[in-house]
Every structure is written in structure tokens, then in C-alpha cells.
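Participant: So the chains spell out like this:
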Amino acid sequence: MAEPPDHNHDHHHPEGAVRLDYYEAMQLAVAELLIEKGIFSADDMRREVEAMQARTPAKGAAVVARAWTDPAFKAALLKNGTAACESLGIEMGPTHLVVVENTPGVHNAVVCTLCSCYPRMLLGPPPDWYKSRPYRSRMVREPRAVLAEFGLRLPDSTVLRVHDSTADMRYLVLPERPAGTTSLSEGALAALVTRDCMIGVAVPKAP
Amino acid sequence: MTNEPGRGVHDMGGLPAGPVKPNEHDYAMWERQVDALMVLLINKSRRVITVDELRRGIEGLGAGAYDRLSYYERWIASITQILIEKGVITNDELGRRMEAVKARFEGTT
Numbered sequence: 001m002a003e004p005p006d007h008n009h010d011h012h013h014p015e016g017a018v019r020l021d022y023y024e025a026m027q028l029a030v031a032e033l034l035i036e037k038g039i040f041s042a043d044d045m046r047r048e049v050e051a052m053q054a055r056t057p058a059k060g061a062a063v064v065a066r067a068w069t070d071p072a073f074k075a076a077l078l079k080n081g082t083a084a085c086e087s088l089g090i091e092m093g094p095t096h097l098v099v100v101e102n103t104p105g106v107h108n109a110v111v112c113t114l115c116s117c118y119p120r121m122l123l124g125p126p127p128d129w130y131k132s133r134p135y136r137s138r139m140v141r142e143p144r145a146v147l148a149e150f151g152l153r154l155p156d157s158t159v160l161r162v163h164d165s166t167a168d169m170r171y172l173v174l175p176e177r178p179a180g181t182t183s184l185s186e187g188a189l190a191a192l193v194t195r196d197c198m199i200g201v202a203v204p205k206a207p
Numbered sequence: 001m002t003n004e005p006g007r008g009v010h011d012m013g014g015l016p017a018g019p020v021k022p023n024e025h026d027y028a029m030w031e032r033q034v035d036a037l038m039v040l041l042i043n044k045s046r047r048v049i050t051v052d053e054l055r056r057g058i059e060g061l062g063a064g065a066y067d068r069l070s071y072y073e074r075w076i077a078s079i080t081q082i083l084i085e086k087g088v089i090t091n092d093e094l095g096r097r098m099e100a101v102k103a104r105f106e107g108t109t
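Those protein sequences? They're chains A and B, same order as listed. Be aware that the first sequence starts at 1, since it is given in my numbering, and climbs by one per residue. Be aware that the second sequence starts at 1, since it is given in my numbering, and climbs by one per residue.
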């Protein structure tokens, strides 16, 4: 592969000049070549970009709210996360989803120490901090300190389970349903479930 | 950050590091396109490359590039390397096409 030029994010371009970044050019060139070779079509590419934009934490939140309101679905979700999500019409791709349930006294959180594996089919692409060296390094050594940096202080009596993802195995935290939400609809419940609650660095709050 | 011998640059679990900065950014279109490219290539109906191959390619970038490149830069570098290894595209046609793409965008033809 061609050697990249000196890489520097601090670009200084002449006023009005259009400069294409090295890796941006690589992406365009590779996509064009693959389309010409018939590996996929330009339409496939457009559809996939649109699908990515449609993948947001709202998908994961809908799954959590369904699990909170439908015990049979919750049991299926904990047994086989991939199949349960597919039963809701969510395209899950080739990786396996394991759903880990927070219960009174047990909290779960997710990291990928080796890279940035993440349940992107349910949450969209991961936030930058999830991929950062501090989160990946420290989450398995001093997770309580890391969670405190997110403002989540767990009592010492709470068992904390940190799940390290792999290329083939993704985790989603099923948070505890907040007290005082018995009258809420499934849609209103989903609105309480943030992305960070499903990574395990936050917990949902009653409205 | 210097890793102990035998530990790859990507293998950072348990090492000391600073506080987690809660950064996020909206992905640029070209980053979304890299993501789309990968999803299409690993699709069950195509299986041109696998998630594990993507990861192996990223881990093989070496310490300097691994830390210097952004997330989707690492992805496209790895995807491209694997496609060349597998003979799906050649180094030569990639080089020529990158020149053409740059010329087209920068209006220097």
C-alpha cells in the first residue's frame, strides 16, 4: 500500500482551496474500484450510509422499553439477544449480542479493551470516549473510578461486572427500570433510556 | 505510552492512563462511507472480509500509525490493506485511482 504523507490533523489550507485528505481519497478510490468490479453497487453504498444514519440509541432504547414491559420478550432477550432483536425487525449483522441485566445490587458496564467493539446495530457508532485509551485501559482495572468520572457513584455493596467485548461478541446493558414509572407507556419509558445507560456508565432516572 | 514486551499497541486493558474525557463528535460523510464500505464487505452474502480481518489489519498498523490515525482512518487503512492482500484490488490501481480522485476534487487535472 502507498505510504501516507506526514499525517497532521492541523491542516492549513490556502483560502478557498479544496484539499482532499489522504485517507478520504483512499476511501473514495476503494469505493469506486469495488463498485466498478461489481462487488457492490453505488446504490448499495447510499442505502448503507442511510441505514447507518438511522442506527441511533433509539433502537436500543426501544428494545429496553419492550423488555421492561413484556416479560416474555425480556426472557427471550436475555437468552439470545441477537434473535430477540431480530424479532423486532432490527437487522443485527454477523455479530452476537449478549444482553446483561442490571438487578438490585448488580451493575453491568461494557468496554472493548482491544479495539472499539460496540453494539452499533442498536446504538449507532460509538462515542469517541468509548474508543479512547483512558476508557479502554482503565475500565478493567479501576471501573468504579471511571464510572465516578461519568458521575455514577456505585455503593461499595453493589457488585460491578465489566464486560470486555470482542469482534464477534457485543454487549448491551439492560438497565433497571426506575421506580415510579408504572404508569408510563412503552414509548415514554424508552425516552428515559440513554445511550450511556446501555453502555453502563449511567442509570436511567425517573422523569 | 510504552507497552511491555509482547503486548501489542492495541492491547491496552489494565494499563495506567489519564482521566476519561467525555468527547464525542458527529461523524463526517467520508467516515460514514468507510463504515458503510465495511458493512457491505462483511455482509453474509458477500463475505469479502471479516470483522476479525479488519481488526488484525488495524492491530498490524504499528504503534506509530495506530496512535496517530483517527478511528476511521485506521479502518480504511486496514480495509485497503486486506483488499490488496486478497487480490480484490491491486496496489497499482489503488495508487492511480487515488491520484485521479485527488485531481478531480482539487481541480488540478
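Worth flagging that the hints you see were computed from the coordinates, not collected in a lab. Watch out, some of these pointers could steer you wrong.
[Unchecked claim] Mimicking DSSO-like on lysine-lysine, the simulated pairs with C-alpha atoms at most 27 Å apart in a straight line are:
1. Lys-37/A / Lys-59/A
2. Lys-86/B / Lys-74/A
3. Lys-44/B / Lys-102/B
4. Lys-37/A / Lys-44/B
5. Lys-102/B / Lys-205/A
6. Lys-131/A / Lys-21/B
7. Lys-59/A / Lys-86/B
8. Lys-74/A / Lys-59/A
9. Lys-44/B / Lys-79/A
10. Lys-21/B / Lys-37/A
11. Lys-21/B / Lys-59/A
[Said to hold, decoys possible] Not everything, but these chain A residues come out facing chain B in the computed CB check (under 10 Å):
12. Asp-21
13. Ala-58
14. Pro-126
15. Val-140
[Claimed, not checked] Listed next, with one range per pair, are the computed distances between beta-carbon atoms:
16. Phe-105/B / Asp-43/A: 19 to 27 Å
17. Ala-100/B / Gly-38/A: 16 to 24 Å
18. Glu-99/B / Glu-176/A: 50 to 58 Å
19. Ala-148/A / Asp-26/B: 43 to 51 Å
20. Ala-75/A / Gly-95/B: 48 to 56 Å
21. Arg-7/B / Ala-75/A: 20 to 28 Å
Each residue gets a CB set at the ideal place from its N, CA and C atoms; glycine is no exception.
Participant: Each of the hints needs a verdict: does it hold here or not?
Facilitator: Hints versus structure:
1. As the CA atoms of Lys-37/A and Lys-59/A are separated by approximately 34 Å, the hinted pair breaks the 27 Å bound.
2. Proximity of Lys-86/B to Lys-74/A is assessed by CA-CA distance (about 42 Å); at most 27 Å being required, the pair is judged violated.
3. Proposed proximity of Lys-44/B and Lys-102/B is contradicted: the alpha carbons are some 33 Å apart, above 27 Å.
4. Proposed proximity of Lys-37/A and Lys-44/B is supported: the alpha carbons are some 18 Å apart, at most 27 Å.
5. In summary, the hint linking Lys-102/B to Lys-205/A is not supported, as the alpha carbons are separated by about 50 Å, beyond the 27 Å threshold.
6. For the given pair, Lys-131/A sits about 11 Å from Lys-21/B by alpha-carbon distance, which is consistent with the 27 Å threshold.
7. Between the alpha carbons of Lys-59/A and Lys-86/B the distance comes to roughly 35 Å, so the proposed pair goes past 27 Å and is violated.
8. For the proposed pair Lys-74/A and Lys-59/A, the alpha carbon gap of about 15 Å is at most 27 Å, so the pair holds.
9. Simply put, Lys-44/B and Lys-79/A have alpha-carbon atoms about 23 Å apart, close enough for the 27 Å limit, and the pair holds.
10. For the proposed pair Lys-21/B and Lys-37/A, the alpha carbon gap of about 42 Å is over 27 Å, so the pair is violated.
11. Proposed proximity of Lys-21/B and Lys-59/A is supported: the alpha carbons are some 26 Å apart, at most 27 Å.
12. Given the 10 Å rule on beta carbons, the hint for Asp-21/A holds: about 8 Å separates it from the nearest Cβ of chain B.
13. At about 16 Å, the closest approach between the beta carbon of Ala-58/A and any beta carbon in chain B exceeds 10 Å, and the interface hint on this residue is violated.
14. Because the beta carbon of Pro-126/A sits about 9 Å from the nearest beta carbon in chain B, less than 10 Å, this interface hint is met.
15. Look at Val-140/A: its Cβ gets to within about 5 Å of chain B, closer than 10 Å, so that hint holds up.
16. In this structure the supplied range 19 to 27 Å holds for Phe-105/B paired with Asp-43/A, their Cβ-Cβ distance being about 22 Å.
17. One distance hint, 16 to 24 Å for the beta-carbon pair Ala-100/B and Gly-38/A, holds here, with the actual separation near 20 Å.
18. Taking the beta carbon of each, Glu-99/B and Glu-176/A are about 56 Å apart, inside 50 to 58 Å as hinted.
19. A hinted range of 43 to 51 Å is violated for the C-beta pair Ala-148/A and Asp-26/B, which are about 28 Å apart.
20. Separation of Ala-75/A from Gly-95/B is about 55 Å and conforms to the stated range, judged on CB atoms against 48 to 56 Å.
21. Distance hint check for Arg-7/B and Ala-75/A: the Cβ-Cβ separation is about 40 Å, which falls outside the suggested range of 20 to 28 Å.
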